Amino acid sequence: MNNLFHKITTAIFAIIVFAFWLVGHPEALSFQEQYQMFLLTKGYFAERMAVAGGLADYVAEFLTQMYYFPALGAGILAIVITLIQISTWTLAKRTGGKGMPDTHYALSFIPAIMTLCLMGDENMMLEFAVATLMVLGATIGYTYVREYQWAVHLAAIPLLYWLAGPIVIIYIIATAIYDIRMRGTGKAVVGGIALGIVIWIATMTIAAMTWLVQYTPTDIAFGINYNRLRQVVPPMMIATEAATALIPLVIALMPQMKSTVVLTVEWVIIAIAGIAGVEASYDKAKYSTIEYDYLVRSERWDAIIEKAKKDRPQNDMDRVCINLALEMRGELLERMFEFNQNGAKGLLAPAKRDQLTCLSTAEVFYRLGMVNEAQKYFFDIQESIINCRKSSRCTKRIIETMIVNGRYEVARKYIDRLKNTMFYAGWAKNAEKYLYNEEAVNTHPIWGRMRQLRYKNDFLGNYYEMDKMLGMLYLTNTTNRMAFEYFVAQNLLLRNMKGVYSAIPWFIEQKYAQTPRHIEEAISMIWSQGHSSFDGMPIEVSQQTKNDLMRFAKIYSTNPKDRQLEQDNWKKTYWHYCLIEKPRENVDGKSGATSLNSDEEQKR
Amino acid sequence: MAIATACTEHPENAMKLTSEPPIYPDYKGVTIPAGIAPMNFNIDGAEIVDVSVKGSIVGEMHANGEWADFDIEEWHNITEQNKGGDLVFRVSAKNDGKWVEYADFKMHVSNDPLDDYGLTYRKLAPGYEVFSDIGNYQRDIHTFDEEAILASTAVPGQCMSCHTANRTNPRQLTVHLRGKHAATLVQIDGKRTWLTTKTDSTICNCMYPYWHPSGNYCAYSLNKVHQSFYVGNKRFIEVFDDASDATILDVRTNELILSPLLQTKDCETYPTFSADGKTIYYCTSKAHRVPAECEKMRYDLCTIDFDAESGRVGNTVDTILKVSDKGHSITFPRPSYDGKYLMYCLSDFGYFPIDHKESDLWLMDLRSGETRAIDEVNSEDTESFHNWSSNSHWFVFSSRREDGQYSLLYIANIDSEGNIGKPFVMPQRNPREYYRASLHSYNVPDFTLTKVELDARAAYEEVFSDERIQVGIKKQ
Chain A
101 MNNLFHKITT
111 AIFAIIVFAF
121 WLVGHPEALS
131 FQEQYQMFLL
141 TKGYFAERMA
151 VAGGLADYVA
161 EFLTQMYYFP
171 ALGAGILAIV
181 ITLIQISTWT
191 LAKRTGGKGM
201 PDTHYALSFI
211 PAIMTLCLMG
221 DENMMLEFAV
231 ATLMVLGATI
241 GYTYVREYQW
251 AVHLAAIPLL
261 YWLAGPIVII
271 YIIATAIYDI
281 RMRGTGKAVV
291 GGIALGIVIW
301 IATMTIAAMT
311 WLVQYTPTDI
321 AFGINYNRLR
331 QVVPPMMIAT
341 EAATALIPLV
351 IALMPQMKST
361 VVLTVEWVII
371 AIAGIAGVEA
381 SYDKAKYSTI
391 EYDYLVRSER
401 WDAIIEKAKK
411 DRPQNDMDRV
421 CINLALEMRG
431 ELLERMFEFN
441 QNGAKGLLAP
451 AKRDQLTCLS
461 TAEVFYRLGM
471 VNEAQKYFFD
481 IQESIINCRK
491 SSRCTKRIIE
501 TMIVNGRYEV
511 ARKYIDRLKN
521 TMFYAGWAKN
531 AEKYLYNEEA
541 VNTHPIWGRM
551 RQLRYKNDFL
561 GNYYEMDKML
571 GMLYLTNTTN
581 RMAFEYFVAQ
591 NLLLRNMKGV
601 YSAIPWFIEQ
611 KYAQTPRHIE
621 EAISMIWSQG
631 HSSFDGMPIE
641 VSQQTKNDLM
651 RFAKIYSTNP
661 KDRQLEQDNW
671 KKTYWHYCLI
681 EKPRENVDGK
691 SGATSLNSDE
701 EQKR
Chain B
44 MAIATACTEH
54 PENAMKLTSE
64 PPIYPDYKGV
74 TIPAGIAPMN
84 FNIDGAEIVD
94 VSVKGSIVGE
104 MHANGEWADF
114 DIEEWHNITE
124 QNKGGDLVFR
134 VSAKNDGKWV
144 EYADFKMHVS
154 NDPLDDYGLT
164 YRKLAPGYEV
174 FSDIGNYQRD
184 IHTFDEEAIL
194 ASTAVPGQCM
204 SCHTANRTNP
214 RQLTVHLRGK
224 HAATLVQIDG
234 KRTWLTTKTD
244 STICNCMYPY
254 WHPSGNYCAY
264 SLNKVHQSFY
274 VGNKRFIEVF
284 DDASDATILD
294 VRTNELILSP
304 LLQTKDCETY
314 PTFSADGKTI
324 YYCTSKAHRV
334 PAECEKMRYD
344 LCTIDFDAES
354 GRVGNTVDTI
364 LKVSDKGHSI
374 TFPRPSYDGK
384 YLMYCLSDFG
394 YFPIDHKESD
404 LWLMDLRSGE
414 TRAIDEVNSE
424 DTESFHNWSS
434 NSHWFVFSSR
444 REDGQYSLLY
454 IANIDSEGNI
464 GKPFVMPQRN
474 PREYYRASLH
484 SYNVPDFTLT
494 KVELDARAAY
504 EEVFSDERIQ
514 VGIKKQ
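Residue numbers (the working numbering), protein chains in the order written: chain A, 101 to 704; chain B, 44 to 519.
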């Protein structure tokens with residue numbers, strides 16, 4: 101009966117974990133997948149195996165590439181996490197011996213749940229979970245060894261250290277517990293444990309002095325690739341390691357429990373603690389931003405707009421995604437001020453040494469036809485990946501920009517890499533056909549168009565003069581409506597009335613069926629500042645907008661802090677953004693050049 | 044001889060071609076030193092490559108496999124035995140099941156030795172603003188062994204400049220680290236000193252070093268560096284200075300020697316010492332409004348005297364090569380250690396020619412004052428940073444000729460008469476695989492007489508301890 105119950109609870113757990121990833125956090129899968137490029141080459145394998153934890157890292161990366169298909173990724177994670185639970189229980193049974201009560205099955209979920217919580221840190225790598233499984237497997241294997249345990253330690257500890265990393269400590273603790281429980285505290289056992297500790301210390305010392313001389317003591321003691329931020333040792337990681345090593349002992353020591361009430365309470369506590377732990381471990385704001393990026397990556401523009409209606413944008417990256425989605429739906433100048441704008445950085449964010457925040461801006465540049473800017477952003481994002489891995493997603497875009505720019509040899513270099521991946525190889529092989537084939541590139545629906553849109557004149561770009569750059573981009577090709585709309589949006593966000601007004605001839609050129617609302621709002625506002633009536637306005641503005649402006653002006657001129665102005669109908673207007681919300685950026689006179697001197701020097 | 048286990052087929056009924064083999068890298072006609080690492084090569088698309096090598100003086104060897112992968116020992120022997128002669132390569136390749144035999148090609152083995160241990164260089168992605176995986180490395184040029192001197196993994200979060208040794212001797216070296224724990228490292232005979240080189244009298248930390256032959260001084264430039272990016276397709280990056288000066292660090296007292304002539308309102312950069320240590324070469328340009336006018340920044344080559352006894356800089360500046368009026372700019376002056384030549388880069392403008400396609404290497408004969416483009420080594424793409432071997436008969440430089448983006452290292456010979464041989468790209472075990480897979484640019488290469496010894500672990504602790512010695516000022 102208990103066996104069946106165990107199987108059912110384990111199956112339910114696996115299903116919950118599967119659903120958690122597939123339904124709850126598919127964006128997390130995309131996030132992890134996009135920051136690695138697993139290559140099916142001998143060289144890549146050798147590179148991974150060159151440092152401690154290499155095999156776990158290699159296996160984890162192999163599995164992570166499967167996240168390309170969210171259902172497959174969720175399935176893999178469900179299997180890995182569930183296997184941790186099954187291994188914990190198996191080890192507990194081996195540690196407890198034949199008479200061990202099997203009623204405390206719930207406790208065996210603790211390490212698995214903690215691992216799940218740990219993965220809420222977006223920089224925590226799957227390698228940790230894979231390494232955990234490797235050492236649990238080795239520990240279970242050890243419990244079947246009847247003699248020469250010391251010899252097993254001699255081989256297993258250095259080997260596990262190199263294959264799985266410093267998490268070998270779990271093996272050392274768990275085998276010591278097993279030996280004491282099952283074989284007593286005789287000299288052989290104590291000697292074996294001492295030997296294990298000596299081998300562990302010796303292994304790390306030798307590694308530190310030889311193969312890992314270019315790594316820090318923190319890397320050597322706590323793992324090189326468990327976390328993208330190598331110098332960071334999350335306390336939760338240490339707690340999870342400790343739980344994984346000790347929970348089997350705790351289960352083994354627990355008395356037989358016949359009271360279903362107590363057991364139910366045990367289950368409920370584990371379940372509630374698990375849910376609370378997972379809830380607390382997944383930072384909502386952070387994952388919301390990651391979700392925006394995921395939706396941009398999968399070009400689900402309507403989903404972005406829907407999400408924005410529910411979740412107010414938290415940062416500039418969210419806004420960049422929302423504005424792009426609006427643009428893709430042809431609604432940027434119609435609706436952008438419905439969504440809590442906060443300056444031009446929410447339209448096109450400045451370059452930042454960060455693996456996430458500029459991704460959406462890079463996508464905007466790519467779509468605008470600002471080929472070099474897109475390339476620079478994607479390149480820098482790839483180089484910002486904290487653990488120095490490459491990104492298939494970024495590489496794909498870099499290849500595209502190289503092809504558009506006719507830099508075929510460099511494109512080939514990157515294509516060759518992608519050809520060694522599992523899920524991008526097909527795309528790469530197809531892209532390869534375009535190398536040196538000018539006609540094919542020129543007639544490609546995206547790359548050909550990008551060639552038409554890109555700048556024809558060369559000059560040094562300046563982020564702080566993005567309005568001018570957008571204007572010049574539009575003038576390069578006046579069919580580039582996106583450039584026009586981003587030019588207007590940039591000026592609207594900068595409250596640059598002159599800039600907005602200067603766009604009127606371009607607006608007329610664009611032949612809109614109906615004037616976008618925010619253009620109407622901006623032009624009517626500018627017009628009203630120098631004229632007593634709306635007669636003679638350079639563009640057609642609806643009567644509704646004129647009436648609204650007069651009402652808004654009346655309230656605002658009476659009391660700029662009137663609460664009425666905070667009502668939704670006014671908050672979603674350009675007038676509210678322009679006159680009531682405080683400007684938060686000043687870009688005048690900035691050259692846009694990046695200083696290459698150190699941070700410290702700049703402070704001075 | 045290394046023979047790939049799966050490929051032991053030998054040419055049969057090969058069709059003879061009159062053309063030379065399309066080998067990668069292009070090693071046809073290059074001049075190599077005896078004892079260099081095997082000049083392995085690939086033929087794209089070939090299933091099997093069979094190569095017979097014959098020395099024009101004596102000896103022969105053979106390689107057969109997926110690519111030409113020569114045994115190191117045999118290779119060293121044949122190159123030693125044929126100094127001053129040629130190696131003749133007969134290459135056959137099996138394509139689509141059929142063998143073809145190409146016309147022979149040669150490599151010339153120079154009489155000039157290259158006994159230095161190897162090369163040092165910085166490897167980094169040829170990117171824009173961010174370099175995640177950066178490090179200083181050394182490569183034994185007689186084998187394929189490469190190891191890190193100081194990689195970013197050892198000092199996480201720190202961007203590092205290139206390690207600079209004194210005339211290839213790593214007994215004295217300096218490296219500048221940027222970032223939160225910025226410092227300038229000076230290591231002499233294994234003793235490390237971490238300096239803060241920014242002072243109230245100077246505009247920023249020290250950069251671009253060059254050692255005095257005595258080892259008592261190291262010249263640096265002080266550059267307030269910025270970069271901007273082009274929107275079009277001709278160039279990508281422009282690196283320029285808001286301001287720059289030159290200075291000399293007395294490494295015995297950790298004092299900067301400042302001279303008003305090297306700290307003018309113009310921009311001074313890349314100071315280097317002559318072979319006898321009595322002259323400082325440096326580049327100077329009128330200051331302009333940057334980035335708007337960065338295309339007006341053109342550097343000329345100047346000299347000023349230096350007295351190593353007193354540590355004093357002279358009172359007169361000589362412009363020995365004025366090119367700014369001709370629409371050019373000189374950078375990276377590097378005098379040969381035998382005092383015969385001075386090699387430099389010539390580009391259209393600016394002081395950072397790495398992203399200037401037009402940048403070429405030029406050579407000035409210091410005895411006659413004649414100067415010429417080194418057409419023997421220049422290409423359509425960028426040639427930039429260069430340095431001399433300890434005996435001044437070889438020079439290494441970086442070039443983007445491969446694909447226009449990634450700088451690779453090339454070595455060339457200059458014989459006693461000043462004849463320059465065809466350069467060769469740094470040999471690799473499997474060059475096609477290596478260079479195709481590599482996502483690194485090779486930056487600021489130099490020869491190293493012996494293996495560089497730098498305790499990376501100790502460096503880590505010292506960098507993060509933030510214990511620094513503040514340099515003082517010795518004003519003239």
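What the hints contain is simulated information worked out from the structure, not anything from laboratory work.
Quick caveat: nothing in here was measured; it's all calculated off a predicted structure.
Mixed in with the good hints, there may be bad ones.
Stated by the list, open to error - Listed next, the in silico DMTMM-like pairs over lysine to aspartate or glutamate satisfying Cα-Cα at most 25 angstroms (straight line):
id : chain 1 : residue 1 : chain 2 : residue 2
1  : A       : Lys556    : B       : Glu90
2  : B       : Lys465    : B       : Glu90
3  : A       : Lys496    : B       : Glu476
4  : A       : Lys410    : A       : Glu681
5  : A       : Lys407    : B       : Glu352
6  : A       : Lys496    : B       : Asp446
7  : B       : Lys494    : A       : Asp668
8  : B       : Lys277    : A       : Glu666
9  : A       : Lys386    : A       : Glu366
10 : A       : Lys519    : B       : Glu423
11 : A       : Lys519    : B       : Glu413
12 : A       : Lys533    : B       : Asp155
To be verified - Computed list of chain B residues with no C-beta within reach of chain A, every gap over 10 angstroms:
id : residue
13 : Asp176
14 : Cys205
15 : Gly233
C-beta: ideal position from N, C-alpha, C; glycine also.
Legend entry - Indices of hints not satisfied (ascending): 1, 2, 5, 7, 8, 9, 10, 11, 12, 13
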